[in-house]
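For the sequence shown, the working numbering puts the final residue at 98, and the numbers step up evenly by one.
Please keep in mind that the hints were generated in silico from the structure rather than gathered at the bench. Mixed in with the good hints there might be a few duds.
[Stated by the list, open to error] The following label-pair restraints were derived from C-beta to C-beta distances:
1. 23 to 63: 12 to 22 Å
2. 19 to 64: 16 to 26 Å
3. 24 to 58: 10 to 20 Å
4. 67 to 23: 10 to 20 Å
5. 67 to 35: 30 to 40 Å
6. 81 to 33: 33 to 43 Å
7. 92 to 16: 29 to 39 Å
8. 88 to 16: 33 to 43 Å
9. 14 to 35: 29 to 39 Å
10. 81 to 4: 25 to 35 Å
11. 57 to 14: 28 to 38 Å
12. 24 to 87: 13 to 23 Å
None of these values were measured; they are calculated from a predicted model. Cβ coordinates follow ideal geometry from the N, Cα and C atoms, glycine included.
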Amino acid sequence: MTSARQQVLVLHLNSGDLGSTTVAWAFYDGTLGAEDVQMQAGSENEPPYSSVLDAMRDGWRVFQASPLPERSAAAGTGQLTNEYWLERIQDNDSNEGG
1 MTSARQQVLV LHLNSGDLGS TTVAWAFYDG TLGAEDVQMQ AGSENEPPYS
51 SVLDAMRDGW RVFQASPLPE RSAAAGTGQL TNEYWLERIQ DNDSNEGG
């Protein structure tokens, strides 16, 4: 049985450019125990990475990117665009975030 666990990082960028600024994020850590608290909305003021490229340079792998939404001028609001899902595999003994 392996002790490796998955960590998932979701980054929303300012534009579709992987080097553009992170504007929102979420982090899910499979190395944490059931009793440990995962990241909560608003628990961090600064994103773990300023861009997807910075995360990739630190070993994160992109496994999903959001499709371009169909928007009309009348819609105005909706879900955050430019969403990228990244993962990395950590030894279960490691408990570090981004």
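10 to 20 Å as the expected CB spacing between residue 58 and residue 24, which holds or is violated
holds (19 Å)
In this structure, is the beta-carbon distance linking residue 92 and residue 16 contained in 29 to 39 Å?
With a Cβ separation near 35 Å, residue 92 and residue 16 satisfy 29 to 39 Å, so the hint holds.
Assessment of proposed distance window 10 to 20 Å (beta carbons of residue 67, residue 23)
holds (18 Å)
Can you let me know if the beta-carbon spacing of residue 14 and residue 35 is within 29 to 39 Å?
Distance hint for residue 14, residue 35 holds at roughly 36 Å.
Outcome of range test on Cβ distance (residue 57, residue 14; 28 to 38 Å):
Given range 28 to 38 Å: violated, Cβ gap about 18 Å.
Can you let me know if the beta-carbon spacing of residue 24 and residue 87 is within 13 to 23 Å?
holds (18 Å)
Look at the Cβ atoms of residue 81 and residue 33 and judge whether their distance stays inside 33 to 43 Å.
holds (34 Å)
Using the C-beta atoms of residue 19 and residue 64, is the stated range 16 to 26 Å upheld?
holds (18 Å)
Looking only at beta-carbon atoms, does the pair residue 67, residue 35 fall within the given range of 30 to 40 Å?
holds (37 Å)
Could one say that the CB atoms of residue 81 and residue 4 fall in the range 25 to 35 Å?
holds (32 Å)
Could you tell me whether the CB distance from residue 23 to residue 63 stays inside 12 to 22 Å?
Given range 12 to 22 Å: holds, Cβ gap about 20 Å.
Just tell me: holds or violated, for the beta carbon distance of residue 88 and residue 16 against 33 to 43 Å?
violated (23 Å)
Checked against the numbered hints listed earlier, the structure breaks hints 8, 11; every other hint is satisfied.
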